[in-house]
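S.K.: Turn these sequences into a full structure, and let the hints steer you where they fit.
One-letter residues, chain by chain:
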Amino acid sequence: MHRPTLLLLAFLVSAPGAALRAGDPSHWAYAAPARPDLPALDHGGAWARNAVDAFVLARLDDAGLAPAVEADRERLLRRVFLDLVGLPPSIEAIDAFLADDRPDAFERVVDELLASPAFGERWARPWLDAARYADSNGFQRDGHRQLWAFRDWVIDALNADMPFDHFTVEQIAGDLLPDAGNAQRIATGFHRATTVNVEAGVDQEQDRVNAVLDRVNTTGTVWLGTTLECAQCHDHKYDPFTQREYYQLFAFFNNTPLETSGHDGARREFTGPRITLPQTAEERAMRDRLREEKKALEKRIGELEKQQAAGDDLESTKGELKELEKRLAQTRPDSSLVMVELDDPRPTNVFTRGSFLTPGEPVDAATPAALHPLPGDAPRNRLGLARWLVDPANPLMARVTVNRWWGELFGRGLVPSLEDFGTRAPRPSHPMLLDWLATELVRDRWSRKRAIRRLVTSATYRQSSRVSPEKLQRDPENRLLSRGARFRLDAERIRDNALAISGQLCRAMGGPPVRPPQPPDVWRVTGVVDNTYRASEGEDRYRRGVYVVWRRSSPYPSFVNFDAPDRTACVVERPRTNTPLQALTLLNDPVYVEAASAFAKRVLSETRGAPLDVRLTLAFRLAVTRRPTASELALLGRALEREIERAREDPKRVRATLGDRRAPEGVTREELVAWIHIATVLLNLDETITRG
Amino acid sequence: MATRIDTRDLTAARLTATRRELFQSAGVGIGAIALAALLDGDGLSASPRDPRNPLAPRPPHRPARAKSVIHIHMVGAPSHLDLFEDKPALRKHDGEPVPARMIEGQRFAFLRGHPRLLGTRFQFERRGRCGMPMSELLPHLGAVADEIALIKTMHTEEFNHAPAQLFMQTGFSRFGRPSVGSWVTYGLGSENAGLPGFVVLVTGATAGAGNSLWGSAFLPTVYQGIRFRSKGDPVLFLSNPRGVERDDRRRAIEDVTALNRVQLADVGDPEIATRIAQYELAFRMQSSVPELMDISTEPPDVHELYGTKPGRESFANHCLLARRLVERGVRFVQLYDSGWDHHGDVFGNLPKKCQATDRPIAALITDLKRRGLLDETLVVWSSEFGRTPMLQGQPSKKPGRDHHKDSFCTWLAGAGVRGGTIVGTTDDLGYYPVEHAVHFNDLHATILHLLGIDHERLTFRFQGREFRLTDVGGVVLDQMLV
Numbered sequence: 001m002h003r004p005t006l007l008l009l010a011f012l013v014s015a016p017g018a019a020l021r022a023g024d025p026s027h028w029a030y031a032a033p034a035r036p037d038l039p040a041l042d043h044g045g046a047w048a049r050n051a052v053d054a055f056v057l058a059r060l061d062d063a064g065l066a067p068a069v070e071a072d073r074e075r076l077l078r079r080v081f082l083d084l085v086g087l088p089p090s091i092e093a094i095d096a097f098l099a100d101d102r103p104d105a106f107e108r109v110v111d112e113l114l115a116s117p118a119f120g121e122r123w124a125r126p127w128l129d130a131a132r133y134a135d136s137n138g139f140q141r142d143g144h145r146q147l148w149a150f151r152d153w154v155i156d157a158l159n160a161d162m163p164f165d166h167f168t169v170e171q172i173a174g175d176l177l178p179d180a181g182n183a184q185r186i187a188t189g190f191h192r193a194t195t196v197n198v199e200a201g202v203d204q205e206q207d208r209v210n211a212v213l214d215r216v217n218t219t220g221t222v223w224l225g226t227t228l229e230c231a232q233c234h235d236h237k238y239d240p241f242t243q244r245e246y247y248q249l250f251a252f253f254n255n256t257p258l259e260t261s262g263h264d265g266a267r268r269e270f271t272g273p274r275i276t277l278p279q280t281a282e283e284r285a286m287r288d289r290l291r292e293e294k295k296a297l298e299k300r301i302g303e304l305e306k307q308q309a310a311g312d313d314l315e316s317t318k319g320e321l322k323e324l325e326k327r328l329a330q331t332r333p334d335s336s337l338v339m340v341e342l343d344d345p346r347p348t349n350v351f352t353r354g355s356f357l358t359p360g361e362p363v364d365a366a367t368p369a370a371l372h373p374l375p376g377d378a379p380r381n382r383l384g385l386a387r388w389l390v391d392p393a394n395p396l397m398a399r400v401t402v403n404r405w406w407g408e409l410f411g412r413g414l415v416p417s418l419e420d421f422g423t424r425a426p427r428p429s430h431p432m433l434l435d436w437l438a439t440e441l442v443r444d445r446w447s448r449k450r451a452i453r454r455l456v457t458s459a460t461y462r463q464s465s466r467v468s469p470e471k472l473q474r475d476p477e478n479r480l481l482s483r484g485a486r487f488r489l490d491a492e493r494i495r496d497n498a499l500a501i502s503g504q505l506c507r508a509m510g511g512p513p514v515r516p517p518q519p520p521d522v523w524r525v526t527g528v529v530d531n532t533y534r535a536s537e538g539e540d541r542y543r544r545g546v547y548v549v550w551r552r553s554s555p556y557p558s559f560v561n562f563d564a565p566d567r568t569a570c571v572v573e574r575p576r577t578n579t580p581l582q583a584l585t586l587l588n589d590p591v592y593v594e595a596a597s598a599f600a601k602r603v604l605s606e607t608r609g610a611p612l613d614v615r616l617t618l619a620f621r622l623a624v625t626r627r628p629t630a631s632e633l634a635l636l637g638r639a640l641e642r643e644i645e646r647a648r649e650d651p652k653r654v655r656a657t658l659g660d661r662r663a664p665e666g667v668t669r670e671e672l673v674a675w676i677h678i679a680t681v682l683l684n685l686d687e688t689i690t691r692g
Numbered sequence: 001m002a003t004r005i006d007t008r009d010l011t012a013a014r015l016t017a018t019r020r021e022l023f024q025s026a027g028v029g030i031g032a033i034a035l036a037a038l039l040d041g042d043g044l045s046a047s048p049r050d051p052r053n054p055l056a057p058r059p060p061h062r063p064a065r066a067k068s069v070i071h072i073h074m075v076g077a078p079s080h081l082d083l084f085e086d087k088p089a090l091r092k093h094d095g096e097p098v099p100a101r102m103i104e105g106q107r108f109a110f111l112r113g114h115p116r117l118l119g120t121r122f123q124f125e126r127r128g129r130c131g132m133p134m135s136e137l138l139p140h141l142g143a144v145a146d147e148i149a150l151i152k153t154m155h156t157e158e159f160n161h162a163p164a165q166l167f168m169q170t171g172f173s174r175f176g177r178p179s180v181g182s183w184v185t186y187g188l189g190s191e192n193a194g195l196p197g198f199v200v201l202v203t204g205a206t207a208g209a210g211n212s213l214w215g216s217a218f219l220p221t222v223y224q225g226i227r228f229r230s231k232g233d234p235v236l237f238l239s240n241p242r243g244v245e246r247d248d249r250r251r252a253i254e255d256v257t258a259l260n261r262v263q264l265a266d267v268g269d270p271e272i273a274t275r276i277a278q279y280e281l282a283f284r285m286q287s288s289v290p291e292l293m294d295i296s297t298e299p300p301d302v303h304e305l306y307g308t309k310p311g312r313e314s315f316a317n318h319c320l321l322a323r324r325l326v327e328r329g330v331r332f333v334q335l336y337d338s339g340w341d342h343h344g345d346v347f348g349n350l351p352k353k354c355q356a357t358d359r360p361i362a363a364l365i366t367d368l369k370r371r372g373l374l375d376e377t378l379v380v381w382s383s384e385f386g387r388t389p390m391l392q393g394q395p396s397k398k399p400g401r402d403h404h405k406d407s408f409c410t411w412l413a414g415a416g417v418r419g420g421t422i423v424g425t426t427d428d429l430g431y432y433p434v435e436h437a438v439h440f441n442d443l444h445a446t447i448l449h450l451l452g453i454d455h456e457r458l459t460f461r462f463q464g465r466e467f468r469l470t471d472v473g474g475v476v477l478d479q480m481l482v
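Chains as they are written, first to last, in the working numbering: chain H, 1 to 692; chain V, 1 to 482.
No lab work stands behind these hints: they were computed from the structure.
All C-beta atoms in this analysis are idealised placements derived from N, C-alpha and C, irrespective of residue type, glycine included.
Fair warning: there could be bad hints in the mix.
[What the hints assert, rightly or not] Pulled from the structure, derived: some chain H residues nowhere near chain V, Cβ distances all over 12 Å:
hint, residue
1, A51
2, D111
3, L277
[Claimed, not checked] Where chain V lies over chain H, by a calculated footprint (3+ residues, C-beta under 8 Å):
hint, region
4, 149 to 155
5, 328 to 335
6, 387 to 401
7, 421 to 428
8, 515 to 525
9, 564 to 571
10, 575 to 582
M.R.: Printed below as a string of structure tokens:
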């Protein structure tokens with residue numbers, strides 16, 4: 001067959017040929033990846049920098065396409081910063097990179113970024129989506145919960161490059177490890193992140209079963225790239241999993257205690273196991289001191305009452321006590337939700353038609369027959385399951401995992417359905433590359449950082465994202481990787497990026513969730529729950545998005561507008577839409593309005609007395625890293641002059657925009673208003689919210 | 001060689017990238033027919049989504065009766081037994097224990113032991129030419145009874161609010177499925193390019209399941225409901241910051257666009273062209289939305305009809321806004337009204353809620369009709385479940401009713417609906433359906449049917465399978481259609 005025709009078919013032909021029967025266990029993804037040989041390249045592969053490129057180039061050669069040139073250094077630098085740490089490079093970092101003519105200058109940057117604590121903050125986001133991590137319970141009475149220690153555990157684990165197999169075992173069964181400490185218990189918060197309905201009158205057993213179902217389904221999606229959910233009610237129609245096998249997996253998760261309390265039906269509380277987080281010596285001392293003070297006050301009140309002293313003194317002392325009790329409550333140690341195993345395992349039955357009200361045949365914990373076997377001596381509990389998942393014989397986990405990392409860096413997976421590797425999933429665009437990466441991940445002892453380093457140092461990654469009309473036609477989706485990927489940043493990185501550009505970003509890490517300003521009246525769910533949104537004070541307003549409070553019934557609005565999920569269920573791929581609400585958010589959300597103002601002032605104060613072009617160039621570089629072209633600079637210059645003119649003609653506008661705020665030294669208020677216009681424009685550029 | 005076209009990664013999950021790029025690739029190797037098939041992963045007729053505007057109107061599977069839907073959700077669940085279901089036997093046996101066989105194996109949210117029956121305290125009357133029974137709490141709705149098709153045998157699978165609300169809106173009682181409004185806008189787009197296709201108006205607290213009730217789940221987020229608010233910005237971040245007038249904003253957007261064009265010419269990514277279009281749309285929305293939300297321009301007789309007062313957040317205002325939205329071509333409008341969960345004092349609380357809602361709902365139907373919009377607008381009134389024939393609390397202490405999932409009432413009016421019809425009959429106590437039980441899958445299938453959509457063909461590929469609003473169920477309720 002003629003090459004281009006073949007190529008076209010490769011695009012169109014579905015993964016399972018018509019000849020494949022449903023549930024075929026011979027499906028490619030259920031056979032362990034075999035390590036392929038590197039393809040031989042006709043022309044010696046001068047372009048290729050590492051093995052990734054050999055596979056990519058072989059495929060491009062087949063298609064008669066040439067790779068794109070390497071991206072400009074500035075664009076490449078920005079790309080790798082946003083991809084690895086989620087923040088733009090500083091001017092110093094840009095200049096240093098441009099001045100570094102060593103052949104491994106780029107690799108050096110990559111290594112620095114991989115070692116930066118911001119790496120964990122950026123890579124936690126996709127994992128927390130998968131873990132459906134949130135700071136509230138979901139459903140009616142979407143009450144607040146403490147699970148942030150788990151979020152911090154994820155960030156720390158990513159920064160420490162905890163091997164992915166350990167990372168898995170600790171989250172599924174850290175509590176069952178022989179030497180489990182606090183950290184391992186906190187890690188099990190992964191599966192405590194399920195929603196819970198504490199609405200009055202809820203059937204507790206149903207609620208518990210729903211959480212277990214979610215744990216099974218999420219485990220299937222995250223570690224097996226498999227949609228187990230279908231098998232809750234009947235044997236899977238397409239993939240080789242029976243309903244019985246579904247409940248055998250269910251049995252692994254069925255041995256944790258109830259997570260709600262209350263037995264008469266009327267009142268429910270979210271309870272369930274949690275651990276108390278250690279306090280610092282200072283915090284403990286403060287708590288002890290307050291307790292002492294409380295005792296003293298109580299004693300004094302007793303004495304006053306005995307003396308039947310005049311009311312005033314007694315009342316004021318009582319008032320003091322009340323105040324003190326409030327402060328004492330604030331020093332209560334924080335906690336984090338964890339998994340614990342019941343001593344007596346719950347029996348598990350197949351649920352007929354998926355309903356817990358109609359239990360059928362009893363089953364024991366076991367793993368699906370279509371996949372690698374569970375060793376005979378493995379414990380039939382979560383720990384056994386976790387070790388089974390990370391068994392190198394598992395055909396799915398390494399592929400599924402490395403495919404998601406690929407997706408984060410290239411905008412789409414080698415298997416485009418990040419959530420599904422089943423028989424109905426599209427075939428990988430580069431099957432051998434996928435298998436090579438999967439086997440390499442195991443060889444590398446599951447190091448995420450090494451895997452990511454391999455991807456970003458490839459020539460494939462470094463390609464320019466400029467696309468010619470011809471390539472757009474030949475390879476519209478860039479499945480063949482004939483150019484660099486270009487796609488919009490996710491919600492958190494858009495905000496982090498704006499805060500970094502404006503110089504407002506606070507780099508403090510960890511701790512309880514923060515609340516940046518949001519419009520009033522966004523939180524108002526039914527039920528007995530605190531709906532008051534108290535915006536954080538001070539630097540907490542400018543912390544990274546990964547620390548922003550996640551209320552499931554109404555997540556942070558600007559994140560919602562940029563496709564953040566509500567975290568009620570596992571999500572391994574966010575959609576990327578392009579909507580007018582996104583434009584309105586960047587133009588008018590007070591957070592971005594403030595960022596524009598801070599950005600303008602930053603530029604003006606860092607370029608005191610400098611000519612216009614120098615100032616505009618700095619602003620442009622802060623926003624998109626590269627220098628503006630002559631036409632871009634001219635365009636901005638004209639806009640700035642026009643806006644200064646306008647401001648002069650319209651003092652009312654200047655007053656309304658600035659209030660009593662002063663302009664930085666050497667700048668008029670009119671100029672500042674014009675600069676805020678420029679800053680707004682730069683923060684709204686497609687390029688600013690895109691990594692390309 | 002047997003080949004099947006794989007639409008998984010070509011369906012709207014990648015609408016922003018794939019469709020756009022594929023669309024551009026038309027005529028460059030992929031034949032026109034293949035292309036149409038690719039773009040048509042959702043089974044709608046061969047009309048590719050306009051990548052620049054995924055909300056562009058799309059033709060339905062077949063000629064539609066309805067162009068838009070106004071979907072009213074009474075959050076908390078009103079008592080059908082005090083509004084639509086006149087049960088003399090229930091009144092007669094008021095205070096007696098419910099027959100044991102009726103509650104055998106039943107689970108309740110709150111009722112325990114052997115509960116007693118509670119007859120209504122309200123008078124029922126036959127209304128309209130059709131003689132539809134309605135209680136005295138609905139005088140205005142009674143006046144338009146001939147427009148209404150009443151389902152008496154609605155039932156659901158959940159008896160707690162949040163799961164049941166999800167079930168009513170998404171056909172699934174846990175999180176993670178798209179809402180009916182998202183499915184509809186995904187299928188049909190919207191007629192007004194300056195407004196979202198799916199608009200939500202909430203009176204009182206947000207229902208328990210939160211924003212997920214109008215979420216798009218795995219459908220692209222452009223199809224999620226956008227909440228319009230009566231207080232503050234009608235759409236979050238719609239108004240310009242202090243000191244920025246409309247003309248200032250226009251210049252900023254023009255500057256953004258000019259620079260984006262430079263980028264587009266340089267890197268060639270069509271996504272930039274989409275971004276430019278979205279900024280223009282945002283600018284249009286900044287004038288179209290406030291204009292829409294300003295009901296003070298309505299004549300006095302309209303305010304008289306609905307009982308509306310400009311500037312307030314009220315259910316009545318939302319009914320009037322619903323009319324203004326469909327008038328402007330918005331595809332799906334959803335009204336939520338909270339406060340119907342009457343576990344206690346149902347006879348004291350229900351009249352208050354009806355007083356606030358009966359008149360505006362009837363006004364909406366009347367108003368749509370006199371403007372000729374009722375022929376193309378479907379109005380649906382429902383709640384997540386109904387309430388028990390048994391009382392909750394003490395008979396002497398202002399009793400209420402518990403949640404009831406086995407039978408309750410829903411009504412439809414407008415485009416394609418046979419007014420004056422009653423679907424289904426229930427037993428003497430209004431406890432169980434006797435004839436023609438109606439599931440939410442059936443209601444959803446009927447809503448889609450009236451919009452010209454075959455509910456079995458409106459699908460979306462996710463996690464390796466085709467999802468649809470009606471899952472594996474859904475029977476169109478022909479008997480209530482014209």
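S.K.: All hints, please: hold or fail.
M.R.: Now the hints, each set against the structure:
| no. | hint | verdict |
| --- | --- | --- |
| 1 | A51 | holds (25 Å) |
| 2 | D111 | holds (28 Å) |
| 3 | L277 | holds (28 Å) |
| 4 | 149 to 155 | violated (count 0) |
| 5 | 328 to 335 | violated (count 0) |
| 6 | 387 to 401 | violated (count 0) |
| 7 | 421 to 428 | holds (count 5) |
| 8 | 515 to 525 | holds (count 6) |
| 9 | 564 to 571 | holds (count 3) |
| 10 | 575 to 582 | holds (count 8) |
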